[in-house]
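Undergrad: Residue-level listing of the chains:
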Amino acid sequence: MNEFAGNQLPIEIIYLVASALFILSLKWMSSPTTARHGVWAGELGMLLAIAGTLLHHGIVDYKWIAIALVLGTIIGVPLGRVQMTAVPQRTALSHAFGALCVTLVGTAEFYLRTPEISRFMMAVLSMEVILGSLTFTGSLMAAGKLQEILPQRPLTYKGQNFVNFLLLVIAVALAVYLVLHPEARQLYPFMLLIALAFGVLLVIPIGGADMPTVISLLNAYAGLSAAAMGFVLNNKLLIVAGALDGSSGLILSVIMSKAMNRSFTNVLFGAFGQVQAAAAGAQEAKQVRSATAEEAAAILSAANKVVVVPGYGMAVAQAQHKVRELYDALSKRGVDVRFAIHPVAGRMPGHMNVLLAEADIPYDRLMDMEDINSDFPQTDVALVIGANDVTNPAARTDTTSPIYGMPILDVDKAHTVMVIKRGMSPGFAGIDNPLYYLDNTLMLFGDAKAFVGNIVRELTGGGGHG
Amino acid sequence: MNSSILINALFIFMLAGFIGFEVIRRVSPLLHTPLMSLTNALDAIAVVGAIVLVGEHKSSLSVILGTIAVVAATSNIVGGFLITDRMLKMFKSSRPAAKS
Numbered sequence: 020m021n022e023f024a025g026n027q028l029p030i031e032i033i034y035l036v037a038s039a040l041f042i043l044s045l046k047w048m049s050s051p052t053t054a055r056h057g058v059w060a061g062e063l064g065m066l067l068a069i070a071g072t073l074l075h076h077g078i079v080d081y082k083w084i085a086i087a088l089v090l091g092t093i094i095g096v097p098l099g100r101v102q103m104t105a106v107p108q109r110t111a112l113s114h115a116f117g118a119l120c121v122t123l124v125g126t127a128e129f130y131l132r133t134p135e136i137s138r139f140m141m142a143v144l145s146m147e148v149i150l151g152s153l154t155f156t157g158s159l160m161a162a163g164k165l166q167e168i169l170p171q172r173p174l175t176y177k178g179q180n181f182v183n184f185l186l187l188v189i190a191v192a193l194a195v196y197l198v199l200h201p202e203a204r205q206l207y208p209f210m211l212l213i214a215l216a217f218g219v220l221l222v223i224p225i226g227g228a229d230m231p232t233v234i235s236l237l238n239a240y241a242g243l244s245a246a247a248m249g250f251v252l253n254n255k256l257l258i259v260a261g262a263l264d265g266s267s268g269l270i271l272s273v274i275m276s277k278a279m280n281r282s283f284t285n286v287l288f289g290a291f292g293q294v295q296a297a298a299a300g301a302q303e304a305k306q307v308r309s310a311t312a313e314e315a316a317a318i319l320s321a322a323n324k325v326v327v328v329p330g331y332g333m334a335v336a337q338a339q340h341k342v343r344e345l346y347d348a349l350s351k352r353g354v355d356v357r358f359a360i361h362p363v364a365g366r367m368p369g370h371m372n373v374l375l376a377e378a379d380i381p382y383d384r385l386m387d388m389e390d391i392n393s394d395f396p397q398t399d400v401a402l403v404i405g406a407n408d409v410t411n412p413a414a415r416t417d418t419t420s421p422i423y424g425m426p427i428l429d430v431d432k433a434h435t436v437m438v439i440k441r442g443m444s445p446g447f448a449g450i451d452n453p454l455y456y457l458d459n460t461l462m463l464f465g466d467a468k469a470f471v472g473n474i475v476r477e478l479t480g481g482g483g484h485g
Numbered sequence: 010m011n012s013s014i015l016i017n018a019l020f021i022f023m024l025a026g027f028i029g030f031e032v033i034r035r036v037s038p039l040l041h042t043p044l045m046s047l048t049n050a051l052d053a054i055a056v057v058g059a060i061v062l063v064g065e066h067k068s069s070l071s072v073i074l075g076t077i078a079v080v081a082a083t084s085n086i087v088g089g090f091l092i093t094d095r096m097l098k099m100f101k102s103s104r105p106a107a108k109s
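Chains as they are written, first to last, in this note's numbering: chain A, 20 to 485; chain B, 10 to 109.
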């Protein structure tokens, strides 16, 4: 008999309250003004659930529980204090930890319950373990890539999709066999190992620019595996939390895949990350116009409306704080400065907003792509810092471009476009950007941090009036 | 597991999935990163399953695996809530807050 905490009425009631708190927690995340209440509701729900579980009458030994809770806290605190630029890899790592927990519990349950296990239970348990283990290794690979321990570029070889598909089929076939013959316990480690290997191979071919989609998808998998664990343990709170996490990951995956112009099925089956073969067109020497910091400062201070378009390059150059100084200097002169955030700016959904918020830029100045795009024609200056493909007008017009159809920020419609860039090298996808050759575009060549700093100096020091 | 428990569990899963969709659809893209770290922390509620596994002490394998599972989930809870709160504290409005 597998009794679980959920079978005791007081604990069931505590779990019910915790479920409500979890839902409220996510509901309050809808606005920055209530979001912190969301964290508190989540914490309270978690505390109640853990405290209630400790009252479970089946628990006979508290020693290892106590040790594990202390150890987990010791590991968790530094993971909660990482730098904001490192949040994507931290998130990937925590997907891995969550999936590890689910996989280990599933494995222990397998050996405790087999061979007397119902077919349905074995099926759910297999799903829990397969999803959990592929999420575990996949998330570790994603974290490694984001931390740049592993190469960021996609590692691909011929027949890769076939090998991956074959591994998944074998893992599922083993699961089906175990459902029919749960006494064949010796097969279980193979199913586990193959799912672990599949996770590695799933993420290896994916490049750095696709990480927002991958992280979201792994988030969804982690949620689904936790929900499967809830079925196995008949724990309703776990089912609720897993379903919430799973739908959150799914929604974010859809948003990310739309923002990168990938179909959702394309994403679901892991075919993302294929290197887009850039059309190596004849590189005729097209003319670009460039400007100095002094000229840029003059144009910016004469503007009424400025939209800054930050990309991950800005974060790499650590230019956020200089950008904030620019925002201050221009705002002081009465210039309306806003920021246009593409959904895939940064390394995970919403990452750019966090980086700018960290630099003390007020959140009501941060605009979504849909909200800002119609404003570009009335914008005097669009200042692009470290962003490339998300501003490429070829995505709108050039049907032969690999990024054709991808939603972009329409910076080219602004009266003047200024692009801060190190040189004329193409962006992530290796695609030339026609934006740079437009008549209303000025290229500002240099390091983003240094160049923005120079503009700020011109605006604050050079001015002297007022 | 008899079939009525299964059906109950499926109902809960379905309803929670829809609630998740409706609630999370309303989250501003501004907060997608803290959203993900928050759902991550909430997902670590799996710790309750691991706690019971360890506490019941049914086999040494289950205690070993369960202990590691509790460590992993607890670090997600602690780290996840910490970083979510740190991020949210950074989001400030330019309009003066409506306080006295």
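Among the hints, a few may not be true.
Simulated restraints, written as ranges between beta carbons of each label pair [claimed, not checked]:
#1 Lys82/A to Ser12/B: 36 to 46 Å
#2 Ser393/A to Ser103/B: 33 to 43 Å
#3 Lys101/B to Glu314/A: 46 to 56 Å
#4 Ser12/B to Glu31/A: 17 to 27 Å
#5 Gln102/A to Ser12/B: 15 to 25 Å
#6 Ser12/B to Ala85/A: 18 to 28 Å
#7 Lys101/B to Gln102/A: 34 to 44 Å
#8 Lys101/B to Ser393/A: 21 to 31 Å
#9 Ser103/B to Leu35/A: 36 to 46 Å
#10 Lys101/B to Leu35/A: 44 to 54 Å
#11 Leu131/A to Phe30/B: 56 to 66 Å
#12 Asn17/B to Leu74/A: 17 to 27 Å
#13 Phe20/B to Thr419/A: 24 to 34 Å
#14 Arg132/A to Asn17/B: 38 to 48 Å
Hint data in this document are derived by calculation from the structure and do not stem from the laboratory.
Even for Gly, the Cβ is constructed at its ideal location relative to N, Cα and C.
Undergrad: Report the numbers of all earlier hints that the structure fails to satisfy, in ascending order.
TA: Those not satisfied are hints 2, 3, 5, 6, 7, 10, 11, 13, 14.
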